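**Student:** Single-letter residue listing:
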Amino acid sequence: MPIVHDTHLQDKLASCIEHPNGCLLAVENLSFSYPDGHAALHNVSLHIEAGEKVALVGPNGAGKSTLMLHLNGIFLGDGQIQIAGMQMDKASLPLIRAKVGMVFQNPDDQLFSPTVFEDVAFGPLHMGLPEAEVHARVERALEQVGMQIYAQRLSHHLSMGEKKRIAIATVLAMNPEILVLDEPSAGLDPRARRSLIELLRQMPMTMLASTHDMRLVQELLPRTVIMDQGHIVADGPTDELLTDQALLEAHGLEQP
Amino acid sequence: MHINTFDHYQTRNSLIHRLDPRVKVVVTVLLILSNVILPDGAWLAFALTWGMLLFCSLFARISPRFLITRSFVALPFAFAAVTAIFTIPGQAVFEFNISSWHLTASDAGLIRFFSILIRGWISVQMAILLTASTPFPDLVHALRHLRIPDIIVATISFMYRYLFVLSDETVRLLRAREARSASLTGKRKRGGSIRWRARVAGSMAGQLFLRSYERSERIYNAMLARGYRGTLMTLNPHEMQPKDWALGVIALVMLVIIQIVGRNYSG
Amino acid sequence: MLPTLPLLRPDALHIPDGFLNLTVAIIFWILTVIFIGVAVRKTRGQFGERQIPLMGVMAAFIFAAQMINFPVAGGTSGHLLGGALAAIVLGPWAGMLVMTTVVGVQALIFQDGGLVVMGANIFNMGLLTALIGYGLYRGVQGRSRKARLTIAGVAAWLSVVAGALLTAFQLWLSGTSALRVVFPAMLGVHVIIGVGEALITVAALAFIWQTRPDLLTEEEPKGGRGWIFGGVLISLAVVLISPLASAFPDGLERVAMNVGFIGTGLDAPFEILPDYTLPFLGETGMSTILAGIVGMVVVAGLALGVMWLLRRPAQAES
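Protein chains in written order, with our numbering: chain X, 1 to 256; chain A, 1001 to 1267; chain E, 2001 to 2318.
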């Protein structure tokens, strides 16, 4: 059963549900099963307002990645999803994909072009933007992640930390309103992780990040959602949830 | 771990490097073609071709030694042409016996053999110069401009990107196998029968296949997430400049000269 | 045995430029282009939007899988070429496209195989292997696992042998090698290399079967029944011709000579302007000048063709 710990938040959610347009992202009663029959999400509801920074934590197999893939319409489950006032359906998909910037866990999956430039240009190009605008966007996105001089580099020559930054730039070039990150700090050495946290801290947009990195959650994301076995089991301020030893242990998590 | 030795691109700043990749691809193919249709024993034309290649490589500031060292990849194939020495009729130059075989080398056969060898050797150096002076992504653009079907160009582009990722993965698999198949010192034969060893290798290939298959699904998702709808769009970073045209024409003129020389002065 | 050592890898099938004459190279380019053209259309229907990432990564997979080896004896090792494997797991057309890309990239990046002879290389290593590999395998589709794996092994073995024999034929037709030497040599070496190919292919399929049976036990086969016919026909041809050609190379050479087949390689293949004179004018100064003019026209035509190829295509974005 979903337990919502914070009453303030419950009020906020209620207002969100009454005025879904006030919410940047609203997921209502979302359920999803894989073709092999494995049920990954059960009646998940989640509301995020513009400017919020939300952590999505839980053990492996809890459904975090599955949920994230729904926010971009890559998976289409049963239930309602609204993003920036648009109902998720086939017609709105291209617009929604521009609003939701998905950063996948493994940058080698996300950086599929030979050069950095081509990868960052992929999103804007497929949004149908004219050539000059594509160039401007690539330049700006690379500048935002501090990688301007990397445009002509080959992706396979980059370090893990550099790849992560470029992966973020590939979605920034689409001007998203919400940044959805799957395990942003996975596979990074301490220095690269630190510099990534600093980079994410500067990002003004709404953010939803799934992670096992509790220190990153504590530093960066004021609100935490805990998932387990396809359910949202807790949703509240990070400070409160991360001090609730019993709750964390019940879902295979550790205090930072 | 990176398998960068794959990439033979040499970063320099030269006119050859800056040349439009389309011109480089077309000129390289035409020159190799010219090589192939030069008659046997056209030594002067071969020398001219090689001189031109040398000039280009110096111009591109890529050392001829690099070309020559790399050109030996085609050497094992020379064995295929050895038979020409002894089977093409002509004046006997020398003869010898290997066990019960009596072999006679003919002059025409020798000319043929060395002509094939030189054609192959010069051609492979041309291809090496092309790769050494053109970043691979530019070659991919050139192919797209040259009307190779989109799906093939896109497949090549993806293959190039994941070549390195999957090769790294393979090297890790091979290393893991190596680590597990430790043997008692002094015992050379290890790891069971050939069949068993083949099965281990095959399982690695199967595992690699599944990982690759699943990776392609994740990549597809990442493409969808950034607005991919079935048609791959690309920018066109290259535009033919007057210097590209000029060099293309010079190369064509050289080609004609080489052919004229080759047809008039062959041994 | 030293000279054959480098040949104990499927690399021996990557023909470099200069070893095939233009006629043979062009014939195989034409055949290859026809097959690729059909394959491009067929795979679009098979995979839809997923096509590009799947085939690109699969091409990289074949390339990487060719690095996997297993020691045999005396410093030699077994390797995978992968044409049959690709055709069996991806379907014949997709397998052909994937192998085309692999051969193309190997030539472009590593100079493994030439550019002008690439058509022949693609045909030998990518198209023929896929045809035999899938054709035979398709014949036992739906049968027991054991039957399918056995036939897959036979098909993989035969695909390498066939590729090698076709390579030998091309070398002979080009006047590069004597059939009586190159044919038994290629056959002998690749009969052994093929065993490695078969063992790895079978083990790889068995592994996939165990882990993702859904990829191999599809409801609808990836290719029609016509593939069985093609695969069996070519296999029979290989099996019947090999002993004959090995035993009586002289006979085969004589037949070819009589048909005017061979010998193409002994001279420059096409003499548009033999010795720079026009035959009907005889050996005169005028003839040479005229020949020069005709030459210039040919070059101009060539240049125009090149210009058309280099033309900037319409912008990709609308």
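To be clear, the hints were calculated from the coordinates, so they are not data collected in a lab.
Given the structure is predicted, the values throughout are model-derived calculations rather than measurements.
Glycine included, each C-beta is placed from N, C-alpha and C at the ideal position.
You may find that some hints are simply not true.
Said to hold, decoys possible - These stretches of chain X come out as covered by chain A in the derived footprint (C-beta under 8 Å, 3 or more residues):
1) 92-98
2) 115-125
3) 166-178
**Student:** So, for every hint listed, does it hold in this structure?
**Tutor:** Now for the hints, and whether the structure bears them out:
Residues of the region 92-98 of chain X lying with their CB closer than 8 Å to a CB of chain A number 3, which satisfies the three-residue condition for coverage. Under a criterion of three residues with beta carbons nearer than 8 Å to beta carbons of chain A, the stated coverage of the region 115-125 of chain X is upheld, 6 such residues being counted. Counting residues of the region 166-178 of chain X whose beta carbon lies closer than 8 Å to any beta carbon of chain A gives 3, which meets the minimum of three for the stated coverage.
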